[in-house]
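Q: Sequence:
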Amino acid sequence: MTANDQHDNNETDLKHHDPIGNNNGSIQSDYVEANQTQAVCLMTTVPQNYASRSLGGKHTPTRNSLRHSRMIVMYRNGRIPRKYLPFVIKHYRLVKSMKVITIVLGILMCLLSVLMVLWSPTLRILDYPYWSAVPVLVSGVFGCFFLGFCPRPYPNKQLGCHYHLSKFVSITTTVISISASIFVLTLCIVHLVYLHTATCTSYDNLNTTCVCSIEQNSTSLFNESYHYGDFTCEEVDCFLRGVLATVCVLNILVVILELMYLGAQWDCNLKKLEYTNVPLKDRNGDEKSDDDER
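The sequence shown runs 1 to 294 under UniProt numbering.
No wet-lab data here; the hints were simulated from the structure. From a predicted model like this one, the values you see are computed outputs, not experimental measurements. Check each hint, because a few of them may be wrong.
Claimed, not checked - Simulated crosslink set (SDA-like; lysine to any residue; CA at most 20 angstroms straight-line): (1) K96 with G148; (2) K167 with Q265; (3) K90 with Y130; (4) K167 with A264; (5) K167 with T246; (6) K167 with G148; (7) K96 with V190; (8) K90 with H191; (9) K167 with T199; (10) K90 with E224; (11) K96 with M260; (12) K90 with Y163.
Stated by the list, open to error - Between beta-carbon pairs, the in silico distance windows are: (13) C110 with D237: 22 to 30 angstroms; (14) F145 with L192: 32 to 40 angstroms; (15) Y92 with S225: 19 to 27 angstroms; (16) V134 with L165: 16 to 24 angstroms; (17) V193 with V100: 30 to 38 angstroms; (18) C238 with K90: 41 to 49 angstroms; (19) L111 with D230: 31 to 39 angstroms; (20) D237 with L111: 18 to 26 angstroms; (21) T122 with V100: 29 to 37 angstroms; (22) T199 with C161: 55 to 63 angstroms.
Positions of the beta carbon are idealized from the N, C-alpha and C atoms, including for glycine.
All chains, please: the whole structure from these sequences, using the hints.
A: Written out as structure tokens, the structure reads:
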């Protein structure tokens with residue numbers, strides 16, 4: 001066997017056993033035909049990931065990307081959640097607490113009125129504190145309804161008649177409550193002054209009733225006597241005076257709270273929230289000034 005024949009045999013063996021064979025520019029290797037890839041051609045020590053990646057899929061935002069993005073997420077129905085809306089009045093929590101206290105005061109005054117009616121049904125009608133108890137309770141209920149269930153206004157929103165009607169009723173009941181409280185407070189103070197200046201004695205020997213009268217030589221404004229048919233003199237000095245003093249304190253608190261509520265409503269009407277348009281020239285000037293400062 002000559003050298004040329006041996007060389008031809010070696011080339012034939014390389015064609016069958018070489019993983020990458022070449023015959024006129026076409027791949028004829030069995031290994032390459034079974035694995036249609038060029039990964040075997042990569043000469044690197046870094047491990048490669050040949051898994052297919054879905055590049056056309058939907059992008060899933062991460063928490064970090066959402067945090068640093070400037071997208072405004074809107075609800076499909078276009079309504080803003082109630083917790084993000086501005087309050088219906090300034091100092092909302094304080095005003096609502098005042099109305100809750102007003103309801104409590106109205107309940108206490110109603111209980112005192114019931115107690116006085118049951119204890120002494122023969123008193124004058126003007127001496128009972130229910131003239132202010134019912135308006136105060138109604139004012140507190142309507143105030144809490146207005147603060148809790150009315151739609152919250154925000155800039156450039158058209159409010160319906162429900163909001164304006166509830167606000168009008170709340171303010172009206174508050175004014176009536178103030179007037180009734182001042183009226184009852186005046187009557188209670190006059191009654192206390194009368195009891196302080198009058199002389200009370202028992203009407204009969206059984207000491208079951210009491211008569212209070214002013215001395216004729218006195219310069220007091222009260223010159224008439226009053227017969228308490230359901231009270232003894234001790235009850236007039238202790239029980240009746242205590243109830244009248246309590247009613248005075250409650251009415252004073254009601255007047256203060258209701259006046260503060262009217263002040264909050266007035267302040268809310270003066271300061272309305274509105275969006276203001278910033279001119280483009282001023283905006284550009286502000287940006288330039290910021291750039292100069294930097």
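Q: All hints, please: hold or fail.
A: Tested hints:
1. K96 with G148: holds, 8 angstroms
2. K167 with Q265: At roughly 9 angstroms apart (the allowed maximum being 20 angstroms), Q265 and K167 satisfy the hint.
3. K90 with Y130: violated, 32 angstroms
4. K167 with A264: Status holds; Cα separation ~12 angstroms.
5. K167 with T246: With a Cα-Cα distance of about 31 angstroms, the restraint between K167 and T246 is violated, given a limit of 20 angstroms.
6. K167 with G148: Distance of about 12 angstroms is within 20 angstroms: holds.
7. K96 with V190: Not OK: K96 and V190 at ~33 angstroms, beyond 20 angstroms, violated.
8. K90 with H191: At roughly 39 angstroms apart (the allowed maximum being 20 angstroms), H191 and K90 break the hint.
9. K167 with T199: Status violated; Cα separation ~49 angstroms.
10. K90 with E224: Not satisfied, since the Cα-Cα distance of roughly 51 angstroms exceeds 20 angstroms.
11. K96 with M260: Holds: K96 and M260 sit about 12 angstroms apart, inside 20 angstroms.
12. K90 with Y163: Given pair K90, Y163 holds - Cα atoms ~16 angstroms apart, limit 20 angstroms.
13. C110 with D237: 22 to 30 angstroms: At 25 angstroms between Cβs, range holds.
14. F145 with L192: 32 to 40 angstroms: holds, 35 angstroms
15. Y92 with S225: 19 to 27 angstroms: Distance hint for Y92, S225 is violated at roughly 53 angstroms.
16. V134 with L165: 16 to 24 angstroms: holds, 21 angstroms
17. V193 with V100: 30 to 38 angstroms: Given about 33 angstroms between the Cβ atoms, the range holds.
18. C238 with K90: 41 to 49 angstroms: Holds, since C238 and K90 (Cβ atoms, about 45 angstroms apart) stay within the stated range.
19. L111 with D230: 31 to 39 angstroms: violated, 19 angstroms
20. D237 with L111: 18 to 26 angstroms: Given range 18 to 26 angstroms: holds, Cβ gap about 22 angstroms.
21. T122 with V100: 29 to 37 angstroms: holds, 36 angstroms
22. T199 with C161: 55 to 63 angstroms: holds, 60 angstroms
Violation of the numbered hints given earlier is confined to hints 3, 5, 7, 8, 9, 10, 15, 19; the remaining hints are satisfied by the structure.
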